[in-house]
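Undergrad: The opening residue of the sequence shown carries number 50 in the working numbering; numbering runs sequentially from there.
No lab work stands behind these hints, which were simulated from the structure alone. Among the hints, a few may not be true.
Simulated pairs of lysine-lysine, DSSO-like, Cα-Cα distance not exceeding 27 Å [to be verified]: (1) K183 with K138; (2) K255 with K279; (3) K97 with K109; (4) K146 with K242; (5) K242 with K258; (6) K306 with K330; (7) K330 with K279; (8) K109 with K138; (9) K183 with K97; (10) K112 with K97; (11) K306 with K258.
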Amino acid sequence: MKTAKITLLMCLVTLLSFGNVSTKEKEALEALYTSTNGPLWRTTWNLKTPVKDWHGVVVKDDKVIALNLEFNGLRGEIPEAIGDLVHLKHINFFRNKLTGAIPSSIKNLKSLETLNIAFNMLNDPLPNEIGDLKSLRNLKLFMNAIDGEIPTTIGQLANLNTLELYSNQLTGELPSTVGGLTNLKTMLLSSNKLSGKLPASIANAKGLKILSVFDNNFFGTLPNSICDLKNLEELVLSDNAFYGNLPTDLASLTNLKVLLIGNNDFKGELVQLKKQLPNLKQYDFVNMTSEGVIVTLDDEDDEDDN
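Starting from the given sequences, assemble the full structure and let the hints guide the process.
TA: Right, dumping it as structure tokens:
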């Protein structure tokens, strides 16, 4: 009987020391602390205090639901153990010095709505498992050095509102599966090394307001289906190798406020287009470079996406 009481007391002490957070979640947080040089963080953790008192850790109903560690001096890699924080809804590691990759264990975070690891030093490809984050609404990974291709599984993120991958080292084509991002409002892919033609399936994102792909290696004609994006307010295509005539119905995008298409090889009455778009505030179609087209296709290929 005495032994049972002691055991019960020890369990209570353990629960209190964790701030009622499960052992697995506490160990996952400690793994993050260890792998990112926790003692030298701007605001560090006292691991002897309850988890709920740790800087940036949000606990609700004894579950860790958010990590807000932006501007906190994290250095190192995100550990696989991050996948044990299965109740997380928000991860904000903005403006640190994280390297390596987003671990494949991210697939376990089924409740995750925001993943912000922007302005770090991630330098490995995105994992295919990122497509398992079905609750994700905001994916912000800009200003890193992420290489490789955008996984085709990105199209599984049907609830995604914001996709910001600009200023990385991404290569390959924009997968046609982006047509599955039917709730997308913002897509920022600028300043990468993406190539190929802009997929016609992008028109499935009917609510898209901002589309920016400038400073890449995209080529070919624009798909006519882009004119189905009636909510589009900003379309930024500059500094690629697009060519040919713009879609004839582009003037139907009357909500456009920004249209930047310079430093491509578009043809036609580009000056007149501005007069056909009543809300346009910023328009640039001028080619400032004489580098020429990076890649060209045969004329018959131009019809593929029309």
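Undergrad: So, against the hints stated earlier in the document, which numbers end up violated here?
TA: Those not satisfied come down to hint 9.
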